[in-house]
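J.: Chain residues, written in single-letter form:
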Amino acid sequence: MNKPASKRKSSTVILEIALFIVAALIVFPIILLFITTFKEAKDLYNPFSIPNFGNFENYIKVFKTVNVPLAFGNTIIITVSTIVINILISSMAGYAISRSKEKAIKLLFFYFVFGLIIPFQSSMIITFKLGMTLHLINTRTFLILQYIAGGCAYAIMLYVGFTKNIPKELEEAASIDGYGPFSIFFKIVFPLLRPATLTLATITVFWYWNDFSGPLIYLNDKAKSTIMYSIFMFQLDQRSTAVGPVYTLCFLSIIPVFLFFIIAQKYLVEGLVAGAVKG
Amino acid sequence: MIIKYEKKQFLTRVAFVLPAFIIFSALVILPFLMGVYYSFTDWDGISVSKFIGFDNFTRLFQDSNFIKAGMNTFILCIINILLSNPLAILIAMLLSKPLRFRGTLRAAFYMPNVLSYIVISVLWTLILRYEGVLNAILDTIGLGGLKMDWIGDMSTALPSVIFITIWVSTGTSIIIYLAGLNSIPGELYESAMVDGVNSWTKFRYITFPLLMPSITICTFLGLTANLKMFDIPYIMTQGGPAYSTSTIALVIYDYAFKGMLYGYATAAGIVFLVLILILSLFQLNITRKREVEY
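Chains A and B, in that order, give the protein sequences.
Following this note's numbering, the numbering of the first sequence begins with 1 at its first residue and continues without gaps.
Following this note's numbering, the numbering of the second sequence begins with 1 at its first residue and continues without gaps.
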């Protein structure tokens, strides 16, 4: 009786070790990035050289050449405003579409779904020109508006699905109590949509924090540059000279997303699965 | 009275939908529709654009750069899907066993997904460039003969880009497959065990068919994400060497913002949309057909 049990256990241990080795190989480039930030220019590409964790030269160089707090600040402003506004308008729209009896509003669902199919490349030139005409190119506002326009279709789909699970009786009762439509939505429905909101927020933080093509086209002003665009510009400047600081800036840029990933992992996984199943 | 109430309800709904509708229409639908118009013109952003019928489209289908980019994009998608899905299914099946540190392992496999493409590109340039880490390792273990300029050589540039996309997309797939595996009823395996079925047969006739919905999702996500691949080739290779890593999205960007061929690039964008539609419907059709009810 004992023997098969211990045998199974050893095979499990082997499997665990094997999976850890594979996982280590996958994470290796990220660890390498971290280690590289503590290396001198001459040892940058030598994986066997010992890093000096007391050597902050690369970090000092980054802060001297790139306005890191500004880039982080811009990225935070853009990410947070996009997500907050998107949640607000998409939850309202999703709720109204889900509850409507009118055909016209119901059809809007497909209108938004159609938008999910249109690739960025088919409309970017026109939006770029539009931004030029309105003098909104190179403003954070225009990028935020772009993000909301591009992201609201997905958000509305999510909210339409979640609203269906909320019993209508609650709203009817509130209506009898004299609540207006807006207070019904914000005081009763919106709090019940919390799972959808959390899912949406966690998934989209990565979209906007990490986006590169948006700033490349609509926001390439140095003073308003996001962190990802700053990395791009920095690596263009440094291509011939020292690249150590470029890796350091990359590493700095992923610290917030890593922390966020660890905190929000549960919602992220749920959202990924729910979004995938519904989509 | 009732009519008045209904009308008020309707107006409320309109008010709720309006903000999203306006932003979405102004910045997605309207530019798209205008794009359809401009794709039939020789618009360059400076002089007055002229209607030129289907000229842009006929030119596109004879444009060797565009065709090459289309081929690259297609190869990238196919190889990514064919390699990353089996790998993800295998890892997900192993991870669904009662192991210690499952959460940690799952997080590790997902890790590349939280990185931006710019960080991914810089990171893999560190490893794959000629002076890079991979060649240094090859040198040290005595395989110096295999040294390559992995992203600068015609023969290895596209495979390198594909490898990186697999490194990224496998993590998402693992999580979706894990959820798919969890939803397969355990009784099916129990009755298979009673029948003395071997593990390959179990996989072939139980796991694989019941995992088909997850396979549909993962191939769909992999296809749509990689069809639009822009960042990695733009940052790492600029589509080179000799267009060996150019993608459709990259070519459209170059035509628009480097060549100022607005009308032509818009036409390419429309063709791109049609391609995405056809390929994703084709893919959904293939994988959906194999989904089974249980």
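I should point out that these hints are in silico values taken from the structure, not numbers from a laboratory.
Take the hints with a grain of salt, since some may be wrong.
Each computed EDC-like pair below joins lysine to aspartate or glutamate, with the alpha-carbon atoms no more than 20 Å apart [stated by the list, open to error]:
#1 B:K7 / A:E172
#2 A:K42 / A:E57
#3 B:K68 / B:D44
#4 B:K97 / A:E172
#5 B:K68 / B:D153
#6 A:K103 / B:E6
#7 B:K4 / A:E102
#8 A:K129 / B:D149
#9 A:K224 / A:D237
#10 B:K8 / A:E57
#11 B:K8 / A:E169
#12 A:K129 / B:E131
#13 B:K8 / A:D43
#14 B:K7 / A:E40
#15 B:K258 / A:E102
#16 B:K8 / A:E102
#17 A:K164 / A:E102
J.: Now tell me, hint by hint, if it's right for this structure.
T.: To see whether the hints hold, each was checked on the structure:
Restraint check: the Cα-Cα separation between K7 (chain B) and E172 (chain A) comes to about 17 Å, which is no more than 20 Å; the hinted pair holds. Between K42 (chain A) and E57 (chain A) the alpha-carbon distance is near 13 Å, which keeps this suggested pair within the 20 Å criterion. Proposed proximity of K68 (chain B) and D44 (chain B) is contradicted: the alpha carbons are some 24 Å apart, above 20 Å. Pair hint K97 (chain B) plus E172 (chain A) does not hold up; C-alpha atoms about 48 Å apart against a cutoff of 20 Å.
Between the alpha carbons of K68 (chain B) and D153 (chain B) the distance comes to roughly 17 Å, so the proposed pair stays at or under 20 Å and holds. Note on K103 (chain A) and E6 (chain B): the hinted pairing holds, with a Cα-Cα distance of about 14 Å set against a maximum of 20 Å. The straight-line distance between the Cα atoms of K4 (chain B) and E102 (chain A) is roughly 15 Å, inside the 20 Å bound, and the hint therefore holds. As the CA atoms of K129 (chain A) and D149 (chain B) are separated by approximately 39 Å, the hinted pair breaks the 20 Å bound.
Between K224 (chain A) and D237 (chain A), the direct Cα distance comes to roughly 18 Å. Compliance with the 20 Å bound is thereby established for this hinted pair. Annotation: proposed proximity of K8 (chain B) to E57 (chain A) is violated, straight-line Cα distance about 65 Å (limit 20 Å). Among the hinted pairs, K8 (chain B) with E169 (chain A) is consistent with the structure: their alpha-carbon atoms are about 19 Å apart, no more than 20 Å. Restraint check: the Cα-Cα separation between K129 (chain A) and E131 (chain B) comes to about 41 Å, which exceeds 20 Å; the hinted pair is violated.
Using a Cα cut-off of 20 Å, the hinted pair K8 (chain B) and D43 (chain A) is violated, with the two alpha carbons roughly 71 Å apart. Restraint check for K7 (chain B) and E40 (chain A): the C-alpha separation of about 71 Å exceeds 20 Å, so the hint is violated. In summary, the hint linking K258 (chain B) to E102 (chain A) is not supported, as the alpha carbons are separated by about 47 Å, beyond the 20 Å threshold. Restraint check for K8 (chain B) and E102 (chain A): the C-alpha separation of about 13 Å stays at or below 20 Å, so the hint holds.
A hinted pair counts as satisfied when its Cα atoms are at most 20 Å apart, and K164 (chain A) with E102 (chain A) qualifies at roughly 16 Å.
Hint violations for this structure: numbers 3, 4, 8, 10, 12, 13, 14 and 15, all remaining hints satisfied.
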